[in-house]
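S.K.: Okay, here's what each chain looks like letter by letter:
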Amino acid sequence: MRHRCSAAYIRAWRCADVAWLDLAPVFQKIVDAEGAGMELELTHEQRRERADFRRFVDAEIAPGAERADREERLSPEALRKIARNGCLGGILPREWGGRGMDLITYGLLHEEIGRACSSARSVITVHDMVALAILKWGNERQRKLLLPKLASGEIIGAFAVSEPNVGSDAKSIETTAERVGGSYILNGTKRWITSGQIADLFLALARCGDKPTAFLVERGCPGFSAEPISGLLGVRASMVAQINFQRCEIPRENLVGREGFGLMSVILTALDLGRYGVAWGSVGIIRACLDACVRYTSRRRQFGALLKEHQLIQEMIAEMATNLRAARLLCCQAGRLKQAGDSRGIMETFVAKYFASRAAMRAAADAVQIHGANGCSGEYPAQRYLRDAKVMEVIEGSNQIQQMLIAEYAFQEHARSEAEDAAAASIAEAQ
Amino acid sequence: MMDDAKIKIREFLSRFFQTSKLKDDDDIFALGFVNSLFAMQLVTWVENEFGIQIEDEDLDVENFNSITAIAGLIMRKNCYAQGA
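If you read the protein sequences in the order shown, they are chains A and B. The C-terminal residue of the first sequence carries number 431 in our numbering, and the numbering is unbroken. The C-terminal residue of the second sequence carries number 84 in our numbering, and the numbering is unbroken.
Hint data in this document are derived by calculation from the structure and do not stem from the laboratory. Do not take every clue at face value.
[Stated by the list, open to error] In silico DMTMM-like pairs for lysine to aspartate or glutamate, Cα to Cα no more than 25 Å straight-line:
| no. | chain 1 | residue 1 | chain 2 | residue 2 |
| --- | --- | --- | --- | --- |
| 1 | A | K308 | A | E379 |
| 2 | A | K171 | B | E62 |
| 3 | B | K77 | A | E379 |
| 4 | A | K171 | B | E55 |
| 5 | B | K21 | B | E55 |
Please read all numbers here as calculations on a predicted model, not as lab measurements.
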């Protein structure tokens, strides 16, 4: 019914003589419809969870987002609320203290948090990346010891792969791990580590000889130090740090997985979830931009008419509303495939992240444009959305890496389809 | 059963590169056909297709670097699951 109602509004909207119409309900319907557009995709339980997330985010996260951005940190109280509300380690099974979220519910949480505060979303995402890597590839001792604490937020996890000289090319990391007796000695520097200023536990990639290997490093162990990095363009409250390992000694049992398979399995498992979180977080940014623009254009007048009545403004709103749906559906598709254990979910996540982060960047740039000088000021959140959206195009695999891999995927799909056609043709010929 | 697994593995690999000249014992990583992301897709596919759980002790390149190796891992995991 809602769909039909929105269509009727939009038809009316297209008529030349609609000046008498109050167009606020039109835009409101579009905003409602973006939720409604996905209703078919969601179960009753997922809708209920989404409503809970929205209430929590509106009450506890959104009000502090501007301040967090300005102060370049999430307050300990905000982190406590995030933990208390079960937003950390949400995908962990209940037996480990998590909420056992399915991947769509997990995505909805990321959309809602990302709508209000990309920094909080980033902190949650990297925490969960560590939790998932331990759940999937950690040994029984690591799981028993760490997962309940990660689920409750008693400890905060961070993901330490990037280095001053190494970003996308993770297999070229320079940090070394040397086995000495019952320990490993880590030497090297990790940079751009989200939550690095506060995290208690780091999942770090280091090289054992020529084998990239994953380790758990506790904050405060001998030879560990962290230096805050400030003045970042976006996700400024995600408490990014440089982490130094100077003859940092960790027990041998802190190895995750196997020597030499750390990058291929442990780190990629974590990055896959991270990419999924960034994709949904980008959907949240688009949503925030659309909401802000609908509100702003519904009350600001220029040339004797509300901004929303100007067609060039409508074009930007229409782009946001359309891309919001498209990005969200791509995220849903990736989530469903992941949930089913389908290996295609990995590449579909690349597609979703690529599309959603680009769409978020466009939406945020348009949001600033629509808000004019106000959009460039600290009084409105549009400039924060723009700064945060740019970061989404860089992290968890830059969009240039995504392009290369998605193109390769497209060639593989094409070759596969041709091979299937050829096989079908030869069967038909034989018959 | 081992042969069935090998056929399925070859079919999966053909999504990523030409397998017509690939021998069962060829090292797919050493041949440079695949990137590190492929390894993750392979692990996910093996788990889903054969209903087994790849665990940290299975994370050895030697378990995944050829059709024979992957089929051997699947057989061992299946035997273990059936015996357990």
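S.K.: Each hint needs a verdict: does it hold in this structure or not?
M.R.: These are the hints, each one checked on the structure:
At roughly 21 Å between alpha-carbon atoms, K308(A) and E379(A) fall within 25 Å of each other, so this suggested pair holds. Between K171(A) and E62(B) the alpha-carbon distance is near 19 Å, which keeps this suggested pair within the 25 Å criterion. Note on K77(B) and E379(A): the hinted pairing is violated, with a Cα-Cα distance of about 59 Å set against a maximum of 25 Å. Of the pairs offered as hints, the one joining K171(A) and E55(B) holds, with about 22 Å between alpha carbons and a cut-off of 25 Å not exceeded.
For the hint pairing K21(B) with E55(B), the CA-to-CA distance comes to about 31 Å; that exceeds 25 Å, so the pair is violated.
Violated hints, in rising order: 3 and 5; the structure is consistent with all others.
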